[in-house]
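A.B. asks: Residues per chain are reported as follows:
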Amino acid sequence: MLRLLVSRVLAAIPLMLMVATLVFFLAQLNPVDPAATIMGDDADLESLAEKRAELGIDRPLVVQYWDWLNSAVVGDLGTNWFNGEEITTELRDRIPVTLSMVFGSLIVALGIGSAFGVLAALKAGRWPDRTITVASSLGLAVPNFWIGLVLAYYVGVKLQWLPAIWPTTRPDSLARWIEALILPCVALGISASAAIARQARSSMIGVLQRDYVRTALAKGLPVRRVVSRHAIRNAAIPVVTLAGFQTSALIGGSIFVEFVFNVPGLGRFGVDAILRQNMPALLGFVMVTAAVVVVVNIVLDLSYAWLNPKVRPE
Amino acid sequence: MSEPLLHIDDVTIVFPGGRGALPWQKLPDVRAVQHVSLQIDAGDTLGLVGESGSGKTTLGRAVLRFLRPESGSIRLGDFDVTGFGRQVPTEYRKTVQVVFQDPVGSLNPSMVVGAIIAEPLRIHFGMDSGTARERAGELLEQVGLQRHHLDRYPHEFSGGQRQRIAVARALATEPDLLVLDEPVSALDVSTQSQVINLLERLQRETGAAYLLIAHDLAVVRHTCHRIAVMYHSRIVELGDSDDICERPAHPYTELLLASIPDPDPAVQHVKSQRRRELAQGVAGASGRAPTDSCPFAERCPHVMDVCRESFPEPVPTATGGTVWCHLHTSGPMLGGQPVSELAAGTSTAQVSPPAADG
Amino acid sequence: MSDALAGLGGSADAGELASPAPMPQESAAGATRSRFWARLRRNKVAMAGAVYLVLVVIAAIFAPLLTSHDETFATRFQDILFSPGEAGYVLGTDHVGRDILTRIFFGARYALIAGAEAVLVALVIGVPFGLAIGYFRGWADRIGMRFVEIVVAVPAVVMAMAIITGLGTGLTNAMLAIGLVFSMIITRLVRAEVFAAREEFYVDGARAAGASDRRVMWRHILPNVAPPLIVQTTLLFAQAVLAEAALSFLGIGADASQASWGRMLRDAELSIDRTIWPAIPPGIAIFLTVVAFNVFGDGLRDAFAREARGGRVGVGDVMPKERNAASAPPWPPGSDDPLLSLRGLDIVFPKPGEGTDMTVVRDVNLDIGRGEVMALVGESGSGKTITGLSLMGLVPDPGQASAESIVLDGRELVGMDFNDLRWIRGREIGIIFQEPSAALNPAYTVGRQVAEPLRVHLGMSKREARERVIELFTEVGIPDPHKRIDAFPHQFSGGMAQRVMIAMALSCEPKLLIADEPTTALDVTVQGQMLDLVSELARSRGVSVLLITHDLGVVADLADRVAVMYAGEIVETGRLADVFATPRHPYTEGLIAAIPRNEPRSGDLPTIPGVVPPPWAWPDRCHFADRCLYEAIECRRGPVELRPMGASLTRCERSHELELRGVQHASVVAIAGWEQPSGEPGSGGVMPGLPPGGVMPGLPPGEGGPA
Ligand SMILES: Nc1ncnc2c1ncn2[C@@H]1O[C@H](COP(=O)(O)OP(=O)(O)O)[C@@H](O)[C@H]1O
Ligand code: SF4
Ligand code: SF4
Ligand SMILES: [Mg+2]
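As they're listed, the protein sequences go chains U, R and F. 291 is the number of the first residue of the first sequence in the working numbering; add one for each residue after it. 2 is the number of the first residue of the second sequence in the working numbering; add one for each residue after it. 2 is the number of the first residue of the third sequence in the working numbering; add one for each residue after it.
In case anyone wonders, no lab produced these hints; they're calculated from the structure. Take these hints with a grain of salt, some might be off.
Unchecked claim - Listed next, the in silico BS3-like pairs over lysine-lysine satisfying Cα-Cα at most 27 angstroms (straight line):
no., chain 1, residue 1, chain 2, residue 2
1, F, LYS484, U, LYS600
2, F, LYS463, U, LYS600
3, F, LYS512, F, LYS463
Using the sequences and the accompanying hints, generate a full structural model.
C.D. replies: Now the structure itself:
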C-alpha cells in the first residue's frame with residue numbers, strides 16, 4: 291500500500307506541472323490587455339506600460355511562466371492584480387469553505403446513492419426499483435444552481451428555517467457552520483446522489499449475476515450475508531471510480547452554488563478571476579482545484595486497491 | 002517432396018514486460034516462444050499441440066504476421082515474412098488465412114454473413130458486390146450452410162455454424178495456408194467432429210495446407226499428418242502423428258496421451274494408472290519460461306540434474322521424428338526410443354494415489 | 002451461466018436456423034434492426050422523452066411564430082413585473098417586463114444550438130483522436146492519454162472557464178470550451194471501445210482477410226463503437242444544455258441580449274427578494290429537457306444491449322407440482338435406498354423477447370444412490386446445469402422450477418422456501434462449477450471463502466475454521482497450504498482454483514457433491530488429476546456425486562451410473578457398463594461414437610448431424626427426431642415415454658428393434674510399454690459380453706463396476 295501511495299504521489303507531480311503549463315498558456319490566448327482592464331479605459335499609454343511592468347507582463351511569456359512556476363513550487367502563487375493580496379492567503383481562507391461543501395455533499399451522496407442503488411438492484415424490475423430509477427433520472431437533471439435558488443427562496447426566505455445566504459461574518463460555532471452548509475450541500479449533492487445511485491444499481495445488478503455470488507449462495511449463506519459480504523464489495527469498485535469523477539463535478543458545481551448562496555469559497559474567487567482576466571488568481575484557482583482532484587484520486591486509488599486485490603502491487 | 006511451403010526457423014518471440022506498480026519498475030519480458038523450427042509442406046497438415054499458454058497461438062500469430070519475432074525467420078513460399086515492414090503485402094494476406102477458437106468473437110457482430118465473406122473477395126479479387134455475393138453464396142454452400150444465410154447476422158447462428166462461416170471467409174481468398182487456432186475447442190463433442198470432417202473435406206478439395214493448433218491430441222491425431230508438441234515456449238517433440246500417439250519419446254507427450262480419457266473402462270483404467278504415475282506436481286506450467294533448462298523439469302518424473310542445467314539438443318527418434326529430452330542422451334540413454342518403455346521409477350511423491358488401490 | 006440458458010442470450014435465434022426445417026426467407030438484417038426499434042418503441046419512458054424533444058425542436062424553430070412578444074423587448078417602465086396571467090402574459094414577465102413565455106421559446110433555440118455546438122466539437126475532436134490512439138496504441142496512446150489526464154485533472158467547469166478566459170466570454174466561446182472538455186470524455190470512451198474491439202478476433206480476422214488499417218477502422222471497429230458512442234452523445238447533449246445554463250447563469254455564457262434559459266435564471270435572481278416566479282419556468286424547461294435527453298439516451302442503451310436483464314437473488318426454490326398420474330408411468334427407483342430421489346422436475350423460463358413461457362427441462366426423474374457417482378451427460382443447452390442447480394433451490398431468477406418431490410436422505414425439499422434450503426446448501430449438498438476462477442470471489446482470500454461455510458454451518462471459531470481449511474487444502478493437494486490460504490483467487494491457476502472449490506464444497510461433509518463440468522475449463526493434463534481427486538475424496542467420505550459433463554470420456558473414468566439428457570429430457574439412463582456397452586438410444590450412440598479417442602484414423606469422424614434446437618423449437622414428439630438417423634413413421638406419433646429396455650431406461654420408440662453400437666474396443670489398447678489391461682487384451686468383445694451384475698475386466702471390484 292505504501293508503495294502504491296508513493297508511486298501515485300510521484301506520478302501526480304508531473305501531472306500537476308502539465309496542468310499548470312496548459313492553463314498558463316491557454317489563458318494567454320486572450321488578446322485583452324490586463325493592464326487596461328485594471329486601469330480602466332481612460333488610462334494613458336504611459337501608465338498602462340508602467341502597470342504592465344509592475345505586473346511583470348511585459349516580459350516574454352516563458353520568463354513569466356518560469357517565474358510563476360518557481361514561486362508556485364514553494365507555495366507562493368503571486369499577488370492579486372486587483373487588490374494586491376497574496377493569492378495564497380486568499381485561497382487559504384476559501385479552501386475550507388468549498389471543501390466542506392464538496393465533501394459534505396460527497397459523503398451524503400455516497401451514503402444515500404449507494405443505499406438506494408443497492409435497494410433498487412435487489413428489487414430489480416419491481417416498484418422500488420422503478421421509483422428509484424425515475425427519481426435518479428430526475429435528480430440527475432436538476433441544475434444545482436436552480437434548485438439552490440428555489441431552496442434559498444422557500445426554505446431560507448419564506449420559511450426561514452435555514453440561512454438563505456452564507457452569513458456575512460465568519461460562522462462562530464460548528465452548529466452555525468453546519469447550518470449554513472445544509473442548503474448548499476443539498477443543492478450540490480442531489481445530482482451526485484442520483485449518479486451514484488444509478489451506478490450502484492447497475493454494478494450491483496451485474497455483480498449479482500456473477501458466478502461467485504452463486505457460489506456464495508450455494509454455500510448456504512443467508513441472502514443478506516451474500517449481498518453484504520460478497521456482492522457489495524465488488525459492486526463498490528465502479529462506484530469508487532465514479533466517486534472520483536463526482537468529486538471533480540462537485541468542485542465544478544460548487545462554483546454555481548456558491549454564487550447562489552453567496553458563499554465566500556473558491557468558486558466565487560474563480561469566477562471573479564475569469565471575468566476580470568485576473569491571471570494569477572485564475573492560475574491559483576485552477577491549481578488548487580486540480581490539486582484537490584488529484585489528491586482525491588490518490589485516495590480513491592488506494593481504496594480501489596483495497597477493494598480489488600488484483601490491482602495491488604505484489 | 003519439393004521445397005516445404007512454410008519454413009519457421011529458430012523463431013523466438015518475446016513480449017516486452019509491462020510496467021510495475023512504481024513508475025520506474027519494469028516487469029521482465031515474457032518469452033512466449035523460444036527457438037522453434039517447423040516446416041509444413043504444401044497441402045499438408047501440421048498439428049501444434051500443448052496446454053494453454055504454451056505459445057501455440059503466439060506462434061500462429063507470428064505466421065500471420067500479427068506480431069514480429071524477436072529473432073529467427075519465417076518464410077512462406079517466396080515471402081520473407083519476418084522481413085515485412087509495417088505494411089504486410091496484400092498478396093501475403095491472400096495466401097495465409099486464419100480461423101480462431103472463439104466462435105462468438107471471431108465474426109463482426111455488426112455485419113451480415115454475406116458482407117463478412119465478401120470482404121476478402123472484394124479486397125483480393127476486386128469483385129463487384131453482385132459477383133462477390135454470388136461467390137459468397139457458393140462458399141456458404143461449400144461449408145454446409147445455405148445461400149439465404151447470407152443476410153443473417155452472426156449472433157443468429159450456433160457455435161458450430163459460426164465456425165463454418167469463419168472457414169468460408171478464410172477459404173474465400175483461396176489461401177495456400179490456413180492457420181486454425183483451436184477451431185473446435187469451444188464446441189460440443191458432436192459438433193467438433195462435424196467441423197473437423199468439414200476441414201478435412203475442404204483440404205482435399207482446395208489443397209490448402211493447415212497449421213492446426215489444438216490441445217487435444219486425440220482430435221489432432223485424426224486430422225494431422227505430423228504433430229509438434231509444445232510445452233512452455235518450446236517444441237519438445239515432433240513427428241508423424243501415429244508415431245507420436247503410439248510411441249511418444251518425450252515424457253510430456255506421454256503424459257498428454259495418458260490424460261485423454263477413453264470410454265472403454267478397461268483402457269481407461271490402464272491409462273489413468275499410467276497418468277497417476279506420470280503426473281508430478283499438481284499444476285500446469287506457470288511462471289516465465291526458463292531460457293536454459295528443460296521447461297518440463299518441474300513436473301517430469303524422470304528429471305535429472307542435467308535437465309536443470311541446459312535445454313536438451315534435438316535427438317532423432319526411432320520413428321523418424323525429433324525429440325528434445327535429456328533422457329535420450331544422458332541417464333538411461335534412450336537414444337530415440339519411446340519413453341514409455343521406461344518404468345517411471347523415479348516417481349515417488351504421488352499427490353493423488355490411485356483410487357483403485359485405496 | 003447454465004447450459005439451458007446459454008441459448009437465451011445473443012445466440013437466441015441459432016436454433017431456428019439450425020433445424021433442417023425450411024427457413025423463412027425474410028431478411029434477417031431487417032429483422033435485427035427492426036428488433037432494435039421495436040425494443041426502443043416499447044420503452045414508454047424513452048418515447049416520452051423523444052416526443053418532448055421533438056416539441057422542443059419545434060418550439061425552437063418556430064419561436065417567432067409561436068409568440069406575440071419580443072425576445073429582448075423590455076418595457077420602458079423599469080421594474081414592471083407582471084405575475085402569470087396578468088396583462089395577457091401567460092407566464093408573467095421578468096423584472097424588466099419581458100414576456101417569460103416568449104423567452105422560454107427562444108431559450109429552446111439557445112439550448113439546442115449550444116448543445117449541438119458543444120457535442121459537435123466534442124465528436125469532431127474526440128472520435129478521430131480516440132480512434133487514432135486506440136488503434137495505434139504505443140506512444141500515440143501514452144501521449145494522448147497523458148493529455149486527456151491533464152485536462153480531466155481539473156474539474157470540467159473549471160477547465161472550461163480557463164479556456165473561456167483564453168477565448169473570451171460569450172455563448173459560442175463558452176460552448177466551444179465545453180465541447181473541448183467533453184471531447185476528452187469522447188476520446189476516452191472511443192479509445193476504450195477501440196481497445197475492447199481490438200481484442201476481438203473479428204478485427205484480427207479482418208486484418209488477416211487483407212483489410213487495410215483504414216478499412217479495419219471504419220468498417221469493423223467504428224460500427225461496433227457506434228452504439229456506446231450514440232448513447233454517450235445523447236447524454237452529453239443533456240450535459241451541454243446544463244452547462245450552457247450554468248455558464249450563462251454566471252454571466253460568462255449567453256449575454257444580456259440572448260434569452261437563454263440560464264440567462265433568464267440570472268435575471269430572475271435579481272428580483273428574488275420580491276418573487277421566485279421568474280426562475281421557475283426556465284428552471285423547469287432546463288430540467289425537462291435534460292431529463293428528456295437522459296431518458297432517451299438510457300432507452301437507446303437498453304435497446305442496443307442484447308444481454309438479458311438482471312435477475313433477483315434469493316429466489317430459485319422448487320415449487321410443488323401435482324403428480325400427473327395419467328401422463329407417465331411410475332418411475333422405477335434406480336437404487337434400493339437412494340440418497341437423492343427427484344421426481345417430475347419441470348423448469349420454465351420466459352422466452353426471450355416475448356412474454357410466453359418455454360419449458361427447458363421437462364419431467365426429469367433422477368435417483369442417486371449412496372456413495373454412487375451419477376453422471377448427467379448431454380450437449381450444452383440440454384438443461385444439465387439447471388437441473389443440478391434446482392436440487393439446491395438455486396434456479397436462476399426468471400426461471401421457475403416445479404417438481405413432484407425431491408427427497409434427500411429422507412427429507413422432502415420441494416416446498417421448502419429459499420431460506421430454509423440454505424441448511425441444505427453447503428451443508429448437505431456441495432457444488433463445484435465449470436469456471437473455478439469465476440466462481441471464487443476476487444475480493445477475498447481463498448482461506449476466508451472456504452472458512453465461510455464452516456463458520457456459518459458448523460459454528461466454528463475463526464481459528465478452528467482456519468485450521469480446518471489448512472487440513473482441507475492439504476487433502477485436496479494444494480501445496481503450501483499455510484501460505485496459500487491467505488492468497489487471493491487471481492493468484493491461483495485454474496486447476497488450483499478448482500481444488501479450492503472442491504475444498505469448499507466438501508468442507509461441511511455434505512452427502513451429495515454436484516460437480517458441474519469440473520474439468521472443462523482446465524488443461525488436459527490437469528483434468529485427469531481433478532477427476533482422480535473428486536472420485537478419491539468422494540469414495541473416502543462416502544459422498545455421492547452428481548457429475549455433470551458433456552464429455553463421455555470423463556464419465557467412463559469415474560461414473561457408476563449415467564443419465565443422458567437431450568433437449569430438456571432424460572433420454573436414457575442406466576448403469577455405466579450397460580449404457581456404454583449397449584446404448585438403447587440413438588443419441589447415446591452418437592455421443593459415444595463422437596468421443597475423440599487415441600486411435601489410428603479411419604475415414605470421417607462420426608458425428609451427430611445438426612445441433613440441439615432451442616427450447617421453443619422442441620417438437621411435441623421425440624426431441625431428437627430431427628437429428629436421428631433411425632427416424633421412422635412411428636417416431637412422429639407424439640411424446641415418447643421413458644421405458645425399460647434391457648437393463649436401462651430409454652425414450653425411443655424404436656429401441657426394441659435397433660442394434661445400436663456401444664463403445665468399441667480400442668484397436669490399440671495401450672501404448673508401447675504401458676501395462677496391458679488384464680482380461681483379454683485386444684479381444685474386442687469384453688464389454689458387450691459383460692454378464693449382468695458381473696465385474697468389468699481390468700477393474701477391481703468397486704471401481705467402475707456396478708454398485
Ligand atoms: N499480448 C501478450 N502480452 C504478454 N504476454 C502474452 C501475450 N500474449 C500471450 N502472452 C503470453 O505468452 C505465452 C504463450 O501464450 P499463447 O500464445 O496464448 O499460448 P497458447 O496458444 O498455447 O494458449 C503465455 O505465457 C502468455 O501469457
Ligand atoms: S529433459 Fe529431463 S526434465 Fe525434461 S523431459 Fe527430459 S527427462 Fe524430463
Ligand atoms: S424415437 Fe425415433 S427419432 Fe426419436 S430417437 Fe428413437 S428412433 Fe430416433
Ligand atoms: Mg491459445
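A.B. asks: Confirm or reject each hint.
C.D. replies: For each hint, the structure was consulted:
| no. | hint | result |
| --- | --- | --- |
| 1 | F:LYS484 to U:LYS600 | holds (18 angstroms) |
| 2 | F:LYS463 to U:LYS600 | holds (25 angstroms) |
| 3 | F:LYS512 to F:LYS463 | holds (24 angstroms) |
Checked against the numbered hints given earlier, the structure satisfies every one of them.
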